[in-house]
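Student: The residues making up each chain are set out below.
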Amino acid sequence: MTELGGQTGHEGAVAPPSQPIDGMIVGGDELVDATVSAGLELQVRSQWSYARMRFLRHRLAMAGLVGLVIVFGAGAFAGYASPYSYDQIDLNHLYAAPTLSANHFFGTDELGRDFFSRTIYGIRTSEEVGLFVAILSSIFGVLVGAIAGYYRGWIDNALMRLTDLVLTLPAIAILLTAAALWGSGSQWRITFILAGFFWTGIARIVRGVFLSLREKEYVEAAKASGAGDLRIMFRHILPNTLGPVIVNTTLAIATAILTEAALSFLGFGIKPPTPSLGVLITDGQNNPQKWWLTVLPGMTLVFIVICVNFVGDGLRDALDPTQRRVRA
Amino acid sequence: MPDPILSIRDLVVEFKTEDGVVHAVDGISYDVFPGETLGIVGESGSGKSVSTLSILGLIPQPPGRVASGTAMFKGKDLLKLKKRELRSFRGDEVAMIFQDPMTSLNPVLKIGFQLGEAIKTHYPKQPNAKVKERVIDLLRLVGVPNPDSRYDNYPHEFSGGMRQRAMIAMGIANSPSLLIADEPTTALDVTIQAQVLEVLKTVQQETNAATILITHDLGIVAELCDRVLVMYAGRIVESGDVHTIFQNPRHPYTIGLMDSLPKLTEDEEWLRPIPGQPPSLINRPPGCAFHPRCFLSQGRLRCREEVPSLRAVDGGRDHYAACHFAEELVGHHSKFSEPVAGGVA
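Chains as they are written, first to last, in my numbering: chain A, 1 to 328; chain B, 1001 to 1345.
Misleading hints may appear alongside valid ones.
[As the list claims (entries may be wrong)] BS3-like mimics (lysine-lysine), calculated; alpha carbons at most 25 Å apart, straight line:
{"hint": "1", "chain 1": "B", "residue 1": "Lys1120", "chain 2": "B", "residue 2": "Lys1083"}
{"hint": "2", "chain 1": "B", "residue 1": "Lys1120", "chain 2": "A", "residue 2": "Lys216"}
{"hint": "3", "chain 1": "B", "residue 1": "Lys1110", "chain 2": "A", "residue 2": "Lys216"}
{"hint": "4", "chain 1": "A", "residue 1": "Lys216", "chain 2": "B", "residue 2": "Lys1083"}
{"hint": "5", "chain 1": "B", "residue 1": "Lys1083", "chain 2": "B", "residue 2": "Lys1016"}
{"hint": "6", "chain 1": "B", "residue 1": "Lys1016", "chain 2": "B", "residue 2": "Lys1120"}
{"hint": "7", "chain 1": "B", "residue 1": "Lys1016", "chain 2": "A", "residue 2": "Lys216"}
It should be emphasised that the hints constitute simulated quantities derived from the structure, not laboratory data. Owing to the predicted nature of the structure, the values given are computational and were not obtained by experimental measurement.
Sequences and hints are given; from them, build the entire structure.
Tutor: Shown next, in the form of structure tokens:
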């Protein structure tokens, strides 16, 4: 006869031999209860809390995040963060070098416009373009990738060949043509054009993950419990792809900001007087001896991109479920 | 006898592969009656899983294909239903419990959510609070301790046995009238197996669902099943109620299966495996597929030339075997019959 019940203080200690399991289950139950009352219950952590912990301990990522919050915060609240308006002319200070005296921290340009304010407004433009491009392209890329990876067959073929096509196109050339054809200047037009190019990476990643996950047994189990295609795709498989999607969306922000700056630099992006970091650099290169007009917006751009990449890196490490290791 | 709840006739399932067409299931027929537990036993690749997965449309198509047959369930032929109609049966009227609880639960979704999904898939209008209540009741029924707090756990916070309990709970979430358990204990260690089997028993009494239990473990069959089908190479070789099969097996393969089990009451040094390999399902041996491994065949021509059909044999009520020489096995006791007789093959 089992003594299990006795150990846990369970009354019906003697379970009939034909059903010893009942006793075990009940015993187990009470064991757990006893553990709980003794305050020995394990702290249960979700995957997200593990990820958060890993991210918070990732020094570079945290540094990047702090940098981003400051820079993007300044951009988002440009009206409050900048000492002047971006087009306010100060004729007393034309081409002023960076100085603290007149609040022209980044100097002024040929019209005496405060360059610090213009940079902050430039950040705002870049940040908006970056975020919207990343979000739009992620949504589209996830849709394409999910459909291709889940349905396979000719749908997959068609969508992936389309993706390949977009990938093989020389992006800058097409972007320049598109900008020339439909006119440049509008921030939103640039956003959509860029998003039209950026979805391919995410689509491929999501397709790959879907291809492997659609064969998982929990997908079969979901099918066996009567779930339809859409439910399986978006409720069961998609949450499993969130890690790579989040990482890639983050990194897409950096690439989008860089590409927008490049386009603007070439004169096909955002048109002055709206400041964008690319526009500022282009304007500045007419006067190489006035170094602050190119170096400072350039450094800002580099800073943003590095911060975004650090954060993306940290997210990648944090969201990778195969690693429990917490980085120092 | 009451009317069967599921009635399969002449089911043929094929898989097209590069090497040829695999006849995974080759013309099997059986009935499942309300409230009973039917065991399907056989080696790996004998078609026992495919025979049930195919009626729910769960085999990959292509390469798989239900070539012919009918599967009447509550007056409808499951094999002729449209995809959408079949889906409304799956998980509602007919539910499955899968082999590996470690991989059958979605790792990124909470247990409670996944169980709730099983209900909401079929009853989307159920209010969330009610679904949650039901899920917690289900978890309690399958013996998950502290169901209230376990509701918010992720699968990785569950042990193997707990996950299989959760899977069982998911299976019975919508009170199915037919529950198909595909090797529900294979991935678990022995002590947990016993607990999970006990849960299955409880659940069955609670829901009174007819159960098809697919397994290669004769011990589980003896423990849980009312009737048994023995499958070999995509065909049923013997069927009957569990006592008859264990005490008066009438097919050499069944006897071989039982003899290959270790017996605790005797001092055995060697297990007695069935000699040879399971046949290729692309090039099935002519005649009886088992004849190259059969101790009874002894090179007789009939075994090689004529496919034996499943016929009533004298072992007991509703006892069928597909062996030309089943009668020669009368009095041939397996290790499990009383009194124990030795010497096979």
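Student: Honestly, which of those hints from before does the structure not fit?
Tutor: 6
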